[in-house]
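Enquirer: Quick note, the sequences are listed as chains B and L, same order. Just so we're aligned: 18 in the numbering used here is position 9 of the first sequence, and the numbers increase by one with no gaps anywhere. Just so we're aligned: 254 in the numbering used here is position 102 of the second sequence, and the numbers increase by one with no gaps anywhere.
A hint or two may mislead.
[Stated by the list, open to error] So the derived label-pair ranges between C-beta atoms look like this:
{"hint": "1", "chain 1": "B", "residue 1": "Glu-20", "chain 2": "L", "residue 2": "Val-156", "range": "56 to 64 Å"}
{"hint": "2", "chain 1": "B", "residue 1": "Glu-20", "chain 2": "L", "residue 2": "Gly-211", "range": "54 to 62 Å"}
{"hint": "3", "chain 1": "B", "residue 1": "Ile-87", "chain 2": "L", "residue 2": "Arg-236", "range": "49 to 57 Å"}
{"hint": "4", "chain 1": "L", "residue 1": "Ala-174", "chain 2": "B", "residue 2": "Glu-23", "range": "31 to 39 Å"}
{"hint": "5", "chain 1": "B", "residue 1": "Phe-53", "chain 2": "L", "residue 2": "Pro-234", "range": "44 to 52 Å"}
{"hint": "6", "chain 1": "B", "residue 1": "Glu-23", "chain 2": "L", "residue 2": "Arg-160", "range": "34 to 42 Å"}
{"hint": "7", "chain 1": "L", "residue 1": "Gln-269", "chain 2": "B", "residue 2": "Trp-75", "range": "48 to 56 Å"}
[Stated by the list, open to error] A short list of chain B residues far from chain L (calculated; beta carbon distances all over 12 Å):
{"hint": "8", "residue": "Met-10"}
{"hint": "9", "residue": "Arg-74"}
{"hint": "10", "residue": "Thr-88"}
These are calculated hints, taken from the structure and not from any lab test. By construction, the Cβ of each residue, glycine as well, lies at the ideal position given by its N, Cα and C atoms.
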Amino acid sequence: MLLIPCPWCGERDEDEFTYGGEAHIARPASPDALTDAEWADYLFMRKNTKGLFQERWMHAHGCRRWFNMVRDTVTHEITAVYRMGGKPPERTDS
Amino acid sequence: MVEVLPRRSALEGALEAGTFGAGGTPGLTLSERRRLAIVHVAGDAGDPAFTDAVRGRTGLDLPIEANTTAAGNGRTILWLAPNRWLVVCDGEESAALETGLRDALGSTFAAVNDVSQGRTVIRVAGARAPDLLAKGCPLDLHARAFPTGACGQSSLAKINVLVHSVDRGADGGTDAPILDVYVARGFALSLWEFLTDGAGEFGYTISPMP
Ligand SMILES: [Zn+2]
């Protein structure tokens with residue numbers, strides 16, 4: 010069980026959160042102009058990082074805010090939490 | 153002519169006053185806080201027009217800090233999210249509170265909704281109250297982490313709840329600690345059964361419906 014630091018509520022039990030997958034995937038500006046392969050790449054293709062991974066979480070049973078988190082997929086160590094629209098901290102690979 | 157349905161408690165028929173569970177001095181008391189006016193307010197905490205309007209109608213400063221409340225004048229404002237609050241009032245018509253807030257806000261960017269009928273508020277009071285909630289809630293309910301005036305949304309027995317730390321007994325209150333649990337009306341009976349089941353080992357008293 011993880012203890013996740015919500016940027017607003019502080020440390021809360023993992024059970025209170027839902028997972029939102031990889032962070033910082035920008036929606037293409039003109040989906041009409043894309044090939045099927047490019048659109049599929051945006052929709053489905055995700056990194057399978059071993060190590061520090063930038064991902065989205067939502068405090069579903071709490072303040073219901075989305076936020077970004079950097080978590081080590083091997084050790085589960087949480088190294089950073091930052092708000093939506095925020096820049097990821099330096100020195101994280103993902 | 154619209155027929156207004158009388159307000160009925162979600163616990164009617166289930167809440168039976170008396171003393172139950174383990175013998176000896178009951179460890180806690182369960183009761184329902186009825187006829188509360190509960191109004192949901194959303195707005196920009198950084199907009200003085202918004203905060204001033206809420207202060208003007210309620211006499212309270214919006215709690216800006218996460219998981220805190222403001223209380224006074226028979227009213228309580230509970231923090232839900234960076235831009236959302238519950239205004240709770242005992243002894244005021246919810247429609248009047250809703251209309252009053254809406255009038256005070258005028259054209260300010262905000263939303264006001266009366267949710268009184270959609271919430272059930274269960275008061276858990278007494279020495280073992282935190283132990284009972286801790287059986288199904290991951291919040292740190294220790295008085296150090298959850299002092300008087302704190303609030304927190306979490307889950308209790310897998311049900312979404314808002315817990316308000318009304319009184320932790322720092323001032324020597326006799327019923328302390330007092331914890332109010334806000335739950336969506338449709339889950340109230342399920343939560344009530346969890347609470348009465350879990351309270352058995354402590355012994356508990358159920359106060360009659362007011
Ligand atoms: Zn939160």
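Enquirer: So, for every hint listed, does it hold in this structure?
Expert: Okay, the hints, checked on the actual structure:
no.: 1; hint: B/Glu-20 to L/Val-156: 56 to 64 Å; in the structure: violated (45 Å)
no.: 2; hint: B/Glu-20 to L/Gly-211: 54 to 62 Å; in the structure: violated (33 Å)
no.: 3; hint: B/Ile-87 to L/Arg-236: 49 to 57 Å; in the structure: violated (26 Å)
no.: 4; hint: L/Ala-174 to B/Glu-23: 31 to 39 Å; in the structure: holds (33 Å)
no.: 5; hint: B/Phe-53 to L/Pro-234: 44 to 52 Å; in the structure: violated (32 Å)
no.: 6; hint: B/Glu-23 to L/Arg-160: 34 to 42 Å; in the structure: holds (37 Å)
no.: 7; hint: L/Gln-269 to B/Trp-75: 48 to 56 Å; in the structure: violated (29 Å)
no.: 8; hint: Met-10; in the structure: violated (9 Å)
no.: 9; hint: Arg-74; in the structure: violated (6 Å)
no.: 10; hint: Thr-88; in the structure: holds (22 Å)
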